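Asker: The lines below spell out each chain.
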Amino acid sequence: MWLWRMKPWILGPRGVKWKGGLYWASLRPVSGCRALLVTATALVNHWTQLFEERGVPEARESSEYIVAHVLGAKTFQSLPASQRSTPITKLQQEQIGELCARRLQRMPVQYVIGEWDFQGLTLKMAPPVFIPRPETEELVNLVLHEESQRWQEPRGKGTLGHQPRSYPLILDVCCGSGAIALSLLSRLTQSRVVAVDKGEEAVRLTRENAQRLHLENRIQIVHHDVTAGVNREQLLVWGPVDFLVSNPPYIFHRDMEQLAPEILSYEDTDSLDGGEDGMRVITEILSQAPVLLKDSGSIFLEVDPRHPELVGKWLQSCPDLGLSISATHVDFCGKPRFLHIRKSRGSGS
Amino acid sequence: MQKRQTSCEWWLIPGQGMRGGAQGGEKRSRNDPLWRVEFKLIVEASQEGEAYRPVKSHDVDSFMNTLAFTYLPVSLSRFSTGLWRLWLGKKPAFLFPGIGASGPQVAGKTDSHILLPLNESDLEEQFVKGHGPGGQATNKTSNCVVLKHIPSGIVVKCHQTRSVDQNRKLAREILQGKVDLFYRGEDSHIHKVKKEAERKKRERKKKAKETLEKKRLLKELMSKELRPTAPFPPEE
Chain A
1 MWLWRMKPWI
11 LGPRGVKWKG
21 GLYWASLRPV
31 SGCRALLVTA
41 TALVNHWTQL
51 FEERGVPEAR
61 ESSEYIVAHV
71 LGAKTFQSLP
81 ASQRSTPITK
91 LQQEQIGELC
101 ARRLQRMPVQ
111 YVIGEWDFQG
121 LTLKMAPPVF
131 IPRPETEELV
141 NLVLHEESQR
151 WQEPRGKGTL
161 GHQPRSYPLI
171 LDVCCGSGAI
181 ALSLLSRLTQ
191 SRVVAVDKGE
201 EAVRLTRENA
211 QRLHLENRIQ
221 IVHHDVTAGV
231 NREQLLVWGP
241 VDFLVSNPPY
251 IFHRDMEQLA
261 PEILSYEDTD
271 SLDGGEDGMR
281 VITEILSQAP
291 VLLKDSGSIF
301 LEVDPRHPEL
311 VGKWLQSCPD
321 LGLSISATHV
331 DFCGKPRFLH
341 IRKSRGSGS
Chain B
1001 MQKRQTSCEW
1011 WLIPGQGMRG
1021 GAQGGEKRSR
1031 NDPLWRVEFK
1041 LIVEASQEGE
1051 AYRPVKSHDV
1061 DSFMNTLAFT
1071 YLPVSLSRFS
1081 TGLWRLWLGK
1091 KPAFLFPGIG
1101 ASGPQVAGKT
1111 DSHILLPLNE
1121 SDLEEQFVKG
1131 HGPGGQATNK
1141 TSNCVVLKHI
1151 PSGIVVKCHQ
1161 TRSVDQNRKL
1171 AREILQGKVD
1181 LFYRGEDSHI
1191 HKVKKEAERK
1201 KRERKKKAKE
1211 TLEKKRLLKE
1221 LMSKELRPTA
1231 PFPPEE
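Line order of the protein sequences matches chains A and B.
Read in order, the letters of the first sequence correspond to residues 1 to 349 in the numbering used here.
Read in order, the letters of the second sequence correspond to residues 1001 to 1236 in the numbering used here.
Just so you know, the hints here were simulated from the structure itself, not pulled from any lab data.
In this text, all values refer to a predicted model and were calculated from it rather than measured experimentally.
The C-beta atom is built at its ideal place from N, Cα and C for all residues, glycine as well.
Errors might be hidden in some of the hints.
[Claimed, not checked] No farther apart than 30 Å at their CA atoms in a straight line, the calculated lysine-lysine pairs in the DSS-like style are these: (1) LYS124(A) - LYS1157(B); (2) LYS335(A) - LYS1192(B); (3) LYS1206(B) - LYS335(A); (4) LYS1206(B) - LYS1219(B); (5) LYS313(A) - LYS335(A); (6) LYS1157(B) - LYS1169(B); (7) LYS1178(B) - LYS1192(B); (8) LYS335(A) - LYS1140(B); (9) LYS1169(B) - LYS124(A).
[Stated by the list, open to error] Across the chosen pairs, the derived CB separations fall in these ranges: (10) GLN77(A) - ALA1208(B): 34 to 44 Å; (11) SER287(A) - GLU1173(B): 35 to 45 Å; (12) ASN217(A) - GLU1124(B): 39 to 49 Å; (13) SER78(A) - VAL1193(B): 16 to 26 Å; (14) GLU1124(B) - VAL230(A): 18 to 28 Å.
Using the sequences provided together with the hints, build the complete structure.
Answerer: And the structure:
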């Protein structure tokens, strides 16, 4: 009896929304009928409805990503229309059901499908390693922009006519899944990166992602807690760096309890909690930066929108460090999110 | 100077795609538009002989249909005066209006394979609302980017990848193509590529036909040569 209701989903015109979802009960086969003619679109609608009923946020997006992933695409919109309306195999339906069951437990979509995209790279994701946020892609763009600027500025006296090639050395602190490190490596083909994280799983995941992307020969991954002191031998293995880039834990401790269950239950809280005012790890990184950074180097940090002012004041209170904020950049929502810090002129050697 | 009354009417007509779908079950190609916008510039002239002439219609796809409607009336007012100027003795192709809008500059010699550049100041970007505190505190997966070209009112929605950065770049590429098509009409890059592909297809068909004809003639010739050969003479 439900078959005649199914037909419109298969043959319906593109772009027309069909009201109402498909209840789970009606997916059970009628006696004597063996094949289930379920299309991708119908399945997405079905799971969207189920997620909404159970209070799972981003119901439609979640079901779209899961169904697209099982069908071999990145997003549902990138699936050709023909594939969206062809029947899905029983095996695929089972796979989708399994993944959606995990999403019903509020597992983040990135952990459910085990991968996510960052700056054009597809990285493996595994709990509890921190999932890269879309804002952080802008952090990578800032580093790339600064690198291109360095080689466009007219050189002062004492330089040769022929410009040497650029081999930027980058230090990624709190690398997580390796998103920042690996995207910089893939965009700057002559660069080398030292990636540091205090979590063993993060170090393992970064190594795996580096191997998947065939970038393991240009990256050194160090298992070290920066708040435990400077580890010169390992962090300075290739000498002082041109760029110190970091997305450190910067959430205010009092804001931690307001985070969504997806984040609190599955992601490592140590990769989020920045202490009372979110500054604990930031100040540690900045304290060690003068030793790790070249005089011409730059520090790029992703921070909370309240931090630019706090960091500015803190740097002024520590003049021995010789650092100052060169620029504050906003994210795609217009919030101050990124700090560009440099060594002040006339500080030290 | 005799006064002229002008008005511009625009009509939203269901396109091939909509008609095909309405009949139900019929296969539609991706390129069939759902809607078509037709502009009719009406000039009531005092002199005889002058009449109105429909300007080239413009296909609007389903995304533009839902989002661009709010912007169409605004851009239309610029449109109508621009078209009026164009229609009077100038080329009927869509040149860029250049009235108050900072449209892309067209070089004297438009190179066909270079698209009109987009100015960032003409663009308005929108991401999914309700992003919350953002950054590490949220984990949103809705990475759809909506990009609007303000002077022309064209809106592009992109959700091809899972990366916001990639979607932004793709949206700009798609928008650049659409804006180029919009302003340059038949001179646009997309149009030229399409025409070139059609021309090549026609040539290939012609060649295939000629080859078939040659083969047929050859076959006929060979069968004629074989026929006069008599069967083995009977033994005497």
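Asker: Next step is simple, just say for each hint if it's right about the structure.
Answerer: Hint by hint, here is what the structure shows:
1. LYS124(A) - LYS1157(B): holds, 27 Å
2. LYS335(A) - LYS1192(B): violated, 43 Å
3. LYS1206(B) - LYS335(A): violated, 61 Å
4. LYS1206(B) - LYS1219(B): holds, 20 Å
5. LYS313(A) - LYS335(A): holds, 19 Å
6. LYS1157(B) - LYS1169(B): Answer holds: LYS1157(B) to LYS1169(B) is near 12 Å, not above 30 Å.
7. LYS1178(B) - LYS1192(B): Since the Cα atoms of LYS1178(B) and LYS1192(B) sit roughly 13 Å apart, the hinted pair holds (cutoff 30 Å).
8. LYS335(A) - LYS1140(B): Answer holds: LYS335(A) to LYS1140(B) is near 16 Å, not above 30 Å.
9. LYS1169(B) - LYS124(A): holds, 23 Å
10. GLN77(A) - ALA1208(B): 34 to 44 Å: holds, 37 Å
11. SER287(A) - GLU1173(B): 35 to 45 Å: holds, 44 Å
12. ASN217(A) - GLU1124(B): 39 to 49 Å: holds, 43 Å
13. SER78(A) - VAL1193(B): 16 to 26 Å: Given a distance of about 22 Å, which is inside 16 to 26 Å, the answer is holds.
14. GLU1124(B) - VAL230(A): 18 to 28 Å: With a Cβ separation near 46 Å, GLU1124(B) and VAL230(A) fall outside 18 to 28 Å, so the hint is violated.
Of the numbered hints stated above, those contradicted by the structure are hints 2, 3, 14, listed in ascending order.
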